[in-house]
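Novice: Modelling step: build the complete structure from the supplied sequences, incorporating the hints.
4 protein chains.
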Amino acid sequence: MKQTEKEFTAPKTRPVQVGKHLIGGENFTLIAGPCSIESQEHLELTAKTVRSMGANLIRGGIWKLRTSAESFQGLGQDSFHFIRETLKKNDLSLVSEITDPRQIEEIHDFVDMFQIGSRNMHNYALLKEVGKTKKPVLIKRGFAALIDEWIKSTEYVRQGGNENVVLCERGIRTFETATRNTLDLNAVAYVKSRTHLPVIVDPSHGIGIRSLVPSMAFAAAASGCDGLIVEVHPNPEKALSDGQQTLNFSEFETMVKQLEKILVAIGRPLDKT
Amino acid sequence: MKQTEKEFTAPKTRPVQVGKHLIGGENFTLIAGPCSIESQEHLELTAKTVRSMGANLIRGGIWKLRTSAESFQGLGQDSFHFIRETLKKNDLSLVSEITDPRQIEEIHDFVDMFQIGSRNMHNYALLKEVGKTKKPVLIKRGFAALIDEWIKSTEYVRQGGNENVVLCERGIRTFETATRNTLDLNAVAYVKSRTHLPVIVDPSHGIGIRSLVPSMAFAAAASGCDGLIVEVHPNPEKALSDGQQTLNFSEFETMVKQLEKILVAIGRPLDKT
Amino acid sequence: MKQTEKEFTAPKTRPVQVGKHLIGGENFTLIAGPCSIESQEHLELTAKTVRSMGANLIRGGIWKLRTSAESFQGLGQDSFHFIRETLKKNDLSLVSEITDPRQIEEIHDFVDMFQIGSRNMHNYALLKEVGKTKKPVLIKRGFAALIDEWIKSTEYVRQGGNENVVLCERGIRTFETATRNTLDLNAVAYVKSRTHLPVIVDPSHGIGIRSLVPSMAFAAAASGCDGLIVEVHPNPEKALSDGQQTLNFSEFETMVKQLEKILVAIGRPLDKT
Amino acid sequence: MKQTEKEFTAPKTRPVQVGKHLIGGENFTLIAGPCSIESQEHLELTAKTVRSMGANLIRGGIWKLRTSAESFQGLGQDSFHFIRETLKKNDLSLVSEITDPRQIEEIHDFVDMFQIGSRNMHNYALLKEVGKTKKPVLIKRGFAALIDEWIKSTEYVRQGGNENVVLCERGIRTFETATRNTLDLNAVAYVKSRTHLPVIVDPSHGIGIRSLVPSMAFAAAASGCDGLIVEVHPNPEKALSDGQQTLNFSEFETMVKQLEKILVAIGRPLDKT
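Each protein sequence line maps, in turn, to chains Z, A, D and W.
Taking our numbering, the leading residue of the first sequence gets 1315, the next gets one more, and so forth.
Taking our numbering, the leading residue of the second sequence gets 1315, the next gets one more, and so forth.
Taking our numbering, the leading residue of the third sequence gets 1315, the next gets one more, and so forth.
Taking our numbering, the leading residue of the fourth sequence gets 1315, the next gets one more, and so forth.
No lab work stands behind these hints: they were computed from the structure.
Accuracy of the hints is not assured; some may be wrong.
Pairs count within a copy or across copies, as identical chains cannot be separated in the list.
Straight-line C-alpha distance at most 20 Å; calculated SDA-like pairs for lysine to any residue [stated by the list, open to error]:
hint : residue 1 : residue 2
1    : 1575      : 1341
2    : 1326      : 1469
3    : 1334      : 1362
4    : 1442      : 1387
5    : 1571      : 1581
6    : 1466      : 1387
7    : 1466      : 1494
8    : 1442      : 1418
9    : 1575      : 1340
10   : 1446      : 1474
11   : 1446      : 1415
12   : 1466      : 1555
13   : 1442      : 1390
14   : 1448      : 1407
15   : 1326      : 1525
16   : 1403      : 1355
17   : 1442      : 1391
18   : 1442      : 1416
19   : 1446      : 1387
20   : 1442      : 1415
21   : 1552      : 1354
22   : 1442      : 1420
23   : 1449      : 1424
24   : 1466      : 1491
25   : 1466      : 1492
Nothing here was measured: the structure is a model prediction, and the numbers come from that model.
Specialist: Here is the structure:
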């Protein structure tokens, strides 16, 4: 911290429209769903259930380029037809990660928000490419990115003409090993005080321990973020990726109920549209 | 995260009595006051004001061994007589840091809780010595201590027979430089889930930027901690140490009002004794 | 450190051929040149000079996607014709970074080794793509990548059939701010003891302070690495990028003379082909 | 790195006398010995053997306050009589750690250099106390101390009138877990370029893996440090502490032979007095 602050006024957040929902507006946004889409039934069941419990948008990975090239890598193109159909039938909006500039065109028509994952925040070639579209972009913080680098990464999207950028804090890499990452809620307060960008938080990656995800979701909400993105799965023990940090439906429902009390207390209720 | 957790039950927190207040009990504890005690008038004014605004205990440093040997080092022995008198007259309880085993005896009679600072969490000789007293001990997390090392540091106190230990998360050192430290609220959830130790949070050191301290205080409360320790000063711009992260009375009052709403929402109101 | 080691035998390094030079063979490899190629004269002058002083291969960036989208971004396609010509005329081999899968085809014919930069080590889509070529690949360690993640990233290249992978340690991001990065020579010893991959070191990024680059080059050589990659420029004060860590010709020449003494002492002289 | 450097001249190192040896002078210093002194026979055997192989000074812990209060804590006072006798009989000088101001007087007469361990670098009360003696002090870098904090910590010793301070780099705590610490040789070059303090390196803690300690010792020597402190034990598998990073006599002897070649190459041979 290098400055003295007097008469401090934070900039007003400029909301971003995703499907029929507004991120960064008067209400709080809740995005939930599986790490990876595993089948049509899996997507449909999870999406409908979390939607009925208060989630506004659905998350789900189509490609998963993981640390080991031998791990499950996502369904890819095999899932396109059923994702499109399932979303349409249920009037749902999907947030999904892209890792290659060539994927943008492939899924542009049925995905509502592109996610840039933590490992690609510094992949400026990819950011430039999504900047050429008008589709909302969720930029997860690089797990070792300075907050200022994270804010600057948005320039690569915005210089192409796409102003629909939302940031997502998901934990940083530190010396601590008891938790998967160190969730940095300082970053939420800092970004909100210096920019007009909406910021949401991923408590699932942020702590990486299922039973402790709700505590971090509550903390994030109270810190002043604009929404959450939470991993939920019908049966986390059998999830093909990230099961150890994924809530089941019942855990999610319990969490949302407590979350709503906090949101009411801070005057920013959950988006009910 | 190395384990799968099913049917998880967190241990029950064992409260610690400090003066007439219970840390880790049914109510939330609020400790406030200056980084360093600067004079009798300064201590008295700050203590009475923050007490009237809801603080339960007063914090204030007697010795400050700072990074540079040339900086202000605290009033030391010159302050003993007036601290004792001021506390007695106003029926207040004080939390104050010790950095040398020989200080224990010097201030034992008028300080209600010894604080072990972040730079001394690994000073096991000092921990052993406070373990020989019955006085409550607040152990701040070393700024680069693993959560498990922090928990283990309490053994040095407890093996002497002193079970009155409270932990304090105050931010860790990471690559991030926009904020003074990285407040690690994961650590609160983790410690509460694995031990029966009360845990409080220091949002002032945790973020180090005055205008953002309240956001981190709210986040900490929602994460499930047992209390807060906050730096407050009549005139932070003129504080002899840590002014850039210290609230003035008006900022503190505004913060407490919003904090109370969140505490009510989570069912753990502020200690009013 | 999780294991006890007895009768330890390190695997033998498998050399990789780049142009007429072998990285990881009996001799030590020295790669030098500018951060970015700034003009034909600039490339030619630097390449010829460092070659005459002992460098085996030339480095030089064609595209530079930097933290701020407003900074100098490299010459790109405008430089293709003269790079090809300059290399041919002078019988030189070039190592150059790619950041987008579509660049592979563009520069495939005149670049001798593709460099994957630190910010793209986790860009698995890009790694997969270079794996489909036979061109040698230099994978710089992600600035926050675990050594094991770095080793695993090579799988993405090798599963495509390209075994010509060389690793490059270039410093990691830590809490320290006096130096640009923290050069992790432990990583060299660790990788050499567990894999047969050649490992080189970038002391320029590793410390980021011009006058201290030679000390780190000597340390790296003594640690057992297979080569160095060093930033050199005719006039570092006027370099369009990274000037503060770039040696001028005279500094480079002095460094190479001292380096050669150490290389002789450890029985691995500089490659003179 | 925040400055441009032209016509850079590093300050001249001011040597410190320890016993009959000079640290930071024309020759290179080698300190070796066990983590903890385990018995009279153990000290005598190790000291004589490493001395015959080229070590100048002997290291050995009397008290070990370890992370867990349940682990072996050193022989303490039970060892005073035989340490004194063994050193005298064999004309040896000892470097040993203190962790409590009250230990200074206890061992002042037979220890030749006080070591302040990494966990106590920020224990300014202890530093002040050794500053009141004239005994040489070895200050290990705090495992999360900025280089500038480490340099500033010497003020606490020097303001008492004791100028006999030597620094020791021993690795810092980072996100990397494959090695025990991350040895930061940048710090050696940085301190040597900005201060006149002698700097030695501890490769044993620096990497924490026995088979890789020699590589880091060679790297440290080539980086320009003034000496090494290495853990050696007659039977590391049975050492009461730190065995996994401790060399046996044969490994130490092999290491010293290779080290001497590098020291000759850089013009700074091993101290033979």
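Novice: All hints, please: hold or fail.
Specialist: A quick look at each hint next to the structure:
1. 1575 <-> 1341: both (14 Å within a copy, 18 Å between copies)
2. 1326 <-> 1469: within (19 Å within a copy, 46 Å between copies)
3. 1334 <-> 1362: Intra 16 Å, inter 51 Å, cutoff 20 Å: intra-copy only.
4. 1442 <-> 1387: between (24 Å within a copy, 13 Å between copies)
5. 1571 <-> 1581: both (16 Å within a copy, 13 Å between copies)
6. 1466 <-> 1387: between (30 Å within a copy, 15 Å between copies)
7. 1466 <-> 1494: Classified as between; 19 Å across copies, 26 Å inside a copy.
8. 1442 <-> 1418: both (12 Å within a copy, 18 Å between copies)
9. 1575 <-> 1340: both (16 Å within a copy, 19 Å between copies)
10. 1446 <-> 1474: Close inside one copy (5 Å), not across copies (30 Å); limit 20 Å.
11. 1446 <-> 1415: Classified as both: same-chain Cα gap 11 Å, cross-chain 17 Å, threshold 20 Å.
12. 1466 <-> 1555: between (30 Å within a copy, 18 Å between copies)
13. 1442 <-> 1390: between (23 Å within a copy, 15 Å between copies)
14. 1448 <-> 1407: This pair counts as within: shortest intra-copy Cα distance 16 Å, inter-copy 42 Å.
15. 1326 <-> 1525: between (34 Å within a copy, 16 Å between copies)
16. 1403 <-> 1355: Classified as within: same-chain Cα gap 13 Å, cross-chain 62 Å, threshold 20 Å.
17. 1442 <-> 1391: between (23 Å within a copy, 17 Å between copies)
18. 1442 <-> 1416: both (12 Å within a copy, 14 Å between copies)
19. 1446 <-> 1387: between (27 Å within a copy, 18 Å between copies)
20. 1442 <-> 1415: Intra 9 Å, inter 14 Å, cutoff 20 Å: intra and inter.
21. 1552 <-> 1354: within (16 Å within a copy, 58 Å between copies)
22. 1442 <-> 1420: both (17 Å within a copy, 19 Å between copies)
23. 1449 <-> 1424: Answer is within; shortest intra-copy Cα gap is 11 Å, inter-copy 37 Å.
24. 1466 <-> 1491: For residue 1466 and residue 1491, only the inter-copy Cα distance (15 Å) is at most 20 Å; the intra-copy one is 29 Å.
25. 1466 <-> 1492: between (31 Å within a copy, 14 Å between copies)
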